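Asks: Just so you know, the sequences run in chain order A, B, C, D, E and F. With the numbering used here as the guide, the letters of the first sequence map in order to residues 1466 to 1837. With the numbering used here as the guide, the letters of the second sequence map in order to residues 1466 to 1837. With the numbering used here as the guide, the letters of the third sequence map in order to residues 4 to 102. With the numbering used here as the guide, the letters of the fourth sequence map in order to residues 4 to 102. With the numbering used here as the guide, the letters of the fifth sequence map in order to residues 659 to 1020. With the numbering used here as the guide, the letters of the sixth sequence map in order to residues 659 to 1020.
Check before you lean on any hint, since a few could be wrong.
Said to hold, decoys possible - Calculated cross-link-like contacts (lysine-lysine; reagent style DSSO-like; alpha-carbon spacing at most 30 angstroms):
1. F:K661 / C:K22
2. C:K11 / F:K661
3. D:K67 / D:K11
4. D:K67 / E:K661
5. D:K22 / E:K983
Just so you know, these hints were derived from the structure itself, not from any lab. Predicted, not measured: the structure shown is a model, and the values here were computed from it.
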Amino acid sequence: MSWQIKPENFGCPLPAADGATVQLAHGGGSRLAAELIEQTLVPAFADPVLSRLEDQAVLESPLGAGERLAFTTDSFVVDPLFFPGGSIGELAINGTINDLAMGGARPLYLSVALIVEEGLELAILRRVIADLGAAAKAAGVRVVTGDTKVVGRGSCDKIFINTSGIGAVPAGLALSAANLQPGDKIIISGTMADHGMAIMSCRQGLSFAEPLTSDTAALHQLTAAIMAAAGMPPAAPAQKANEPEAGQALRAMRDPTRGGVAAVLTEMARASRVGVVIAEETLPVAGPVRGACEILGIDPLFVANEGKLLAVVAPESAGAVLQAMREHPLGRQAAIIGEVVAENPGLVALRTALGPHRIIDLPSGELLPRIC
Amino acid sequence: MSWQIKPENFGCPLPAADGATVQLAHGGGSRLAAELIEQTLVPAFADPVLSRLEDQAVLESPLGAGERLAFTTDSFVVDPLFFPGGSIGELAINGTINDLAMGGARPLYLSVALIVEEGLELAILRRVIADLGAAAKAAGVRVVTGDTKVVGRGSCDKIFINTSGIGAVPAGLALSAANLQPGDKIIISGTMADHGMAIMSCRQGLSFAEPLTSDTAALHQLTAAIMAAAGMPPAAPAQKANEPEAGQALRAMRDPTRGGVAAVLTEMARASRVGVVIAEETLPVAGPVRGACEILGIDPLFVANEGKLLAVVAPESAGAVLQAMREHPLGRQAAIIGEVVAENPGLVALRTALGPHRIIDLPSGELLPRIC
Amino acid sequence: MCLAVPGKVVEIFEENGLKMGHIDYAGAISRACLEYVPEIRLGDYTVVHAGFALSILDEEEAAKSFAAWRELQAAAAREGVDLFGRPLADADADADEQE
Amino acid sequence: MCLAVPGKVVEIFEENGLKMGHIDYAGAISRACLEYVPEIRLGDYTVVHAGFALSILDEEEAAKSFAAWRELQAAAAREGVDLFGRPLADADADADEQE
Amino acid sequence: MLKHLDEYRDPALARKLLAEIAAVTTRPWVIMEICGGHTHAIIRHGIDLLLPRQLELVHGPGCPVCVTPVALIDQALALARRPEVIFTSFGDMLRVPGSRESLARIRARGGDIRTVYSPLEAVNLAVQNPAQEVVFFAVGFETTAPGNALAVQQAARLGLTNFSLLVSHVLVPPAIGALLAAPDNRIQAFLAPGHVCTVEGLQDYEAMAAAHQVPMVPAGFEPVDILAAILLLVRQLEEGRAQVENEYRRSVRPEGNPAARLAVEQVFQVCHRTWRGLGEIPASGLRLRPEFAAFDAQCKFALEETGEMESPQCISGAILRGESKPPQCPAFGKECTPEHPLGATMVSSEGACAAYRHANRQ
Amino acid sequence: MLKHLDEYRDPALARKLLAEIAAVTTRPWVIMEICGGHTHAIIRHGIDLLLPRQLELVHGPGCPVCVTPVALIDQALALARRPEVIFTSFGDMLRVPGSRESLARIRARGGDIRTVYSPLEAVNLAVQNPAQEVVFFAVGFETTAPGNALAVQQAARLGLTNFSLLVSHVLVPPAIGALLAAPDNRIQAFLAPGHVCTVEGLQDYEAMAAAHQVPMVPAGFEPVDILAAILLLVRQLEEGRAQVENEYRRSVRPEGNPAARLAVEQVFQVCHRTWRGLGEIPASGLRLRPEFAAFDAQCKFALEETGEMESPQCISGAILRGESKPPQCPAFGKECTPEHPLGATMVSSEGACAAYRHANRQ
Ligand code: SF4
Ligand code: SF4
Ligand SMILES: [Mg+2]
Ligand SMILES: [Mg+2]
Ligand SMILES: [Mg+2]
Ligand SMILES: [Mg+2]
Ligand SMILES: [Mg+2]
Ligand SMILES: [Mg+2]
Ligand SMILES: [Mg+2]
Ligand SMILES: [Mg+2]
Ligand SMILES: [Mg+2]
Ligand SMILES: [Mg+2]
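Same shape as in the complex, but just chain A (with noise of 0.2 angstroms):
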């Protein structure tokens, strides 16, 4: 059997690689897609299982002895793509990561999906991989799986990535904003807004004398570390899920992102039904930082931060905790911010330097730079 070779398509649709920016055909089923995954993306994360290029990733069980399964997602749409101290792919890997560290799980495995505007150069696609690869090269997780779409100009804004990640919970452990008890210490990692205003100052043409750099980071060393110091996990035998030890020293941790510390406190007042008291001479904020904020009128406690953490703790375990913290690289600066307190359930409030105590609120809207 002889076969001719003939074109597939013999319409007059041509091919159109032009060699220097994203088309619709780099979406899917296309030579160009299956070119883009091989040449590029399959190198950029060169995981075994992901090479394979089936329509899942399978993968021997992660899990321990009574381990549970950590599952979490997040996209990220951040503009500028680069911006001093990182870019959208260092982002994408790290904040899946944190939100699995968050819940004391080792991180494993993250999926990575794009989606790319038509008409975006090539080298920018390329770039924004190298970083996804190279954070997850630099954390140790695994990237396994993958999606690439392309949608028409002007039907995204340069490139999305979402990223779900899975982690290995330990035994026992059970962190929950819903933990919280009066008592507790709320501590932070170190300084509040650095990366909102690294973003925010590009956009509104300021520099800074030093750069001022976004904080990205992935914590689940710092988090390790943490869980460590607070005797956590236990040795004991793995409990029923979801509730928590007797005297479980740590309560939760979060990353404040989006909304910042005041929306991460505010969703753990709500959901432990307490208080909670920070003091305002006691929040970390970088000098740079708070000079960007007052000439923008923007408070940072509504400011996101992406490598930074708030870790409630038990009074007696509170000590130990911020040592180790200030131990590790990413938590030099951690410092205990405040605590909980039975009264005003729901709420949040910031103990002024004079005295006097303000509620915070969730913020009802975006962050504008302002004159008034």
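With chain A fixed as given, assemble chains B, C, D, E and F with the ligands onto it according to the hints.
Replies: For chains B, C, D, E and F with the ligands alone, kept in the frame of chain A given last:
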């Protein structure tokens, strides 16, 4: 201690919830975001783990002895959002279930991540979310974690959805596009091109005597029936991962979405280094779909399906698998459309009704209606 | 050039002063401008290119062509051989080897 | 109205015919138009509103104000009571109860 | 460390000033801080909670969000909807509702609306987009007017024909005059706006202090500034004086900023202006001079006054004058909420109605 | 079941016709199918692989993608880049490269380019977007011209001033004449374009068949049609006749479609036209009549001829005339690939160079 309750944001940023459209503020860390999550997303999925609203879902290990984890991700970017026979919400749930099912996995948990354009009518967003919830419920799969981002007007096309999924793969099962062997039969579960032509017809202003509907469907029960008919999974103890059992009759399954049947078969032929021959007259295409394809000059082999699968089966099991498929409501029109050959590895050929073969290549670009 | 597919006129209407129609192709319905086939009637088949009906298919001529071709075919069948001169029974089984 | 923050002039330049400057706020640098403070020099502090420098801060006046206030404070400290009339040692510990 | 800022937040110094205020206060006094910046600082630092109970601070109308009338917002919205227009605004105005919607909503529906930090950015946008009309929403008080004036002069210098201003400038002294002239006026002293005075100087305030026998103290915006100014005011009140005492000497000169005043004079002229919540106040606003009519969006686009009025239910005027409290309003918490405000004092989150609402106070 | 289509795909009938062709063919013959639609069908169904070896089918230049010259594509690209223009085109033209890029690439960089199925959709876009200029890329042969003519008439009737055509219409008979006049011509018979003849009738073809003594058979586009037409051609060739025999009688009338011809005549006039790969052919195109100059994008936007030429390396003219094979071209597979085509026969995926390339034939 008495607190003086005061608004948090003393500048003039005003709340702007107008009740009718999506605002940037719905996107995270704000009062509107919390409202959207609590009033719309949580009830739509009605899942106890999702309802905890932690950064991650924590789940008891879903894996039985010897079972492996399946993990997949896809983004959905369809325009229009609602089309005859389905909607982006149904696609997003079914598509990820299908990518799990194609690996032989029982689909267990899904994540849902929304990217929403500022200005979208809230009623539309609520309808999309309701569709997501209904599709997950219908398929018996839990949505346990999620994310919502809102991007500025013009930065995305109404709504994009990413779903990622976790499933459990039975011990000893190793389906792969690399498993094809000469002599294997290619079976399709039903008519081609229904989804893609339903969408394209909306855009091209075609209508239909009887509505042409997308075939979107969750195929995990059909795949279970196929595996049972093929004698899979074996009762035998688990083997080394991804080593196909000697004589495993079911080689691979794939859902021919973007790029259609042509793209899936080409990927399989390449991965297995075999040739594939399909016979034109065996390809099932519904009459109106064929009519629409003829008018617009589009080949149904390249058009997306959202509720069909291709199964490659050892010849001795092909009859049983075909029978089992036809007994399932989603496989009534299943047909053997071709077979695997040793010649011309990596290429797919179509035997035309007149006898000659022509090579089916990957499409080189987006499908466009043509006049020539 | 000139992709054009025959379909059946199932509706005739006016739009912006133009004679328009709905054309049925095995259940898929498209719109076409009928200005160039003024005499067209419901049920007629027409060839449509780029949204314009360009001719009314002549059923009589079509039937005549088929009659001629069928005649050829019947002659061959009477001879008991296929188009390659081989016995008709084998024709389907080994069409591949013909190339 | 009129959010305006004092910053230090670290650079002066011309742009589109306008006198412009870079202003440092603890390391954050913004641009401001200096047309309304023509006599400004590097190192001066200026109050900037909506991108316009509106005054040069008078260090002497600032020092005078502080001297007056510190005097008040020193007087209180000499009295050994805080602003609520209680012994100074307790002031920090139970500020909350003041409200 | 932010110099000229952090030292004015010194808690010890603030407490000393509070003690001194407490020491000199013998009777109830009502003081209005006219400027929204002061309101913001007072609430942010909790200053009102630390003052002696006898001192009542009343929040004034010193915020463009509060006072820009609905009819003018509606004109802004009409411009922003035009396809050829790039509408530019300070971030502050984005969420202010007009009679039916806001700039943020129009942007959400596709309007090309950009927030700028300086009016010169709007001029640059006009240079960069010659095929489009760039309109800048020139709101604000005396402090903002010089920058907006220079933007017009710069556009004229560059020969731009696609740049214009929708002007809604207001002036503080006429508003103070109107508040003091109200029959039920309770305000006995004013914390005067430090940055307005930085531009305009003290002359008008001295005239008003003398005419109305009301003490006025221009103040900076940090806790120590505000407390020092309140101390100066209370001392005057207690002593029966009514003068202008300048707390903010490091920035405010008696003559203001002559260069800035000159530019404002060259570009703008005084006009009547309607204030949301207060109604029309004669000679209380600025508009472009006729020679700059080419830069006046109202002329250029032939905008019509919609005549849109405040809600008839709204009593925010009385609230702003300190005559009523929000719960006395029949719409409070019912037709009128922060999400769907009917009046000025619910529009701004600094407004009394919004503050009461957030506090769930009835 | 598609009536008037599926019955013409009957494999049994096709085989009978093939047998008959085989039976009557005694010598080598070279037949050109001028129309890309025929090329498409021949390849789709594998017809060329079933014909007797002595019959050679040569693909003709009957595809607007193949023949629209680079200079005209460049004009389309220049229009599509203009911010005020909505550029409309059949999907076919989207990926055709001009001298440096394609419509698809300009769309990717932000150009407002929309694919339409009918030129009336472009007219509707002009009605719906009065503030923008809608340009329609009027490519095609005689078949497409009536629709494009009516679009212009309709735009005139509606009084549209924002609608225009970039015209690149070509005519088949002059191209056939040019091919036959080439010194090395090998083509002995033509499968004539069934839909072109449906519009234009058979007069020109009868004249050419007589003048050049070359058989011509207008054919439908299904396998049975094409095979029946080839049978008619081979019979003529074998018998030494040179006539027009109409295979596609159900659609093609000798006089064509008078209403369609009249509209074309009213709106267009014959002009010289350059064909990519073939060069200028006198009286081989259509352009708008002067009375419709207001709808002529080339006048309206004062487009300049870029004078962009085919690559000097390219031998696609010779290939199109059947004189050379692609591997004889020095650029084949080197500078010239389907992704970066230099010439007509690599541009269209139906072209001989592209087909050779896909087949990895050297
Ligand atoms: S509650 Fe609303 S309507 Fe009533 S006074 Fe306040 S702002 Fe006006
Ligand atoms: S290979 Fe390219 S350059 Fe050579 S003849 Fe073909 S189209 Fe022209
Ligand atoms: Mg998450
Ligand atoms: Mg996150
Ligand atoms: Mg998080
Ligand atoms: Mg995918
Ligand atoms: Mg997938
Ligand atoms: Mg999929
Ligand atoms: Mg799939
Ligand atoms: Mg999230
Ligand atoms: Mg606009
Ligand atoms: Mg354009």
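Asks: Can you confirm whether the C-alpha distance between K67 of chain D and K11 of chain D stays at or below 30 angstroms?
Replies: holds (20 angstroms)
Asks: Between the alpha carbons of K661 of chain F and K22 of chain C, is the straight-line distance 30 angstroms or under?
Replies: Distance ~24 angstroms between K661 of chain F and K22 of chain C Cα, so the pair holds.
Asks: Keeping to a limit of 30 angstroms between CA atoms, is the pair of K11 of chain C and K661 of chain F held or broken?
Replies: holds (9 angstroms)
Asks: Would the hint linking K67 of chain D and K661 of chain E be met if the CA-CA limit is 30 angstroms?
Replies: The given pair, whose Cα atoms are some 16 angstroms apart, holds under the 30 angstroms limit.
Asks: Can you confirm whether the C-alpha distance between K22 of chain D and K983 of chain E stays at or below 30 angstroms?
Replies: Roughly 48 angstroms between the alpha carbons, so the hint for K22 of chain D and K983 of chain E is violated.
Figure legend: structure checked against the earlier numbered hints; the only hint not met is number 5.
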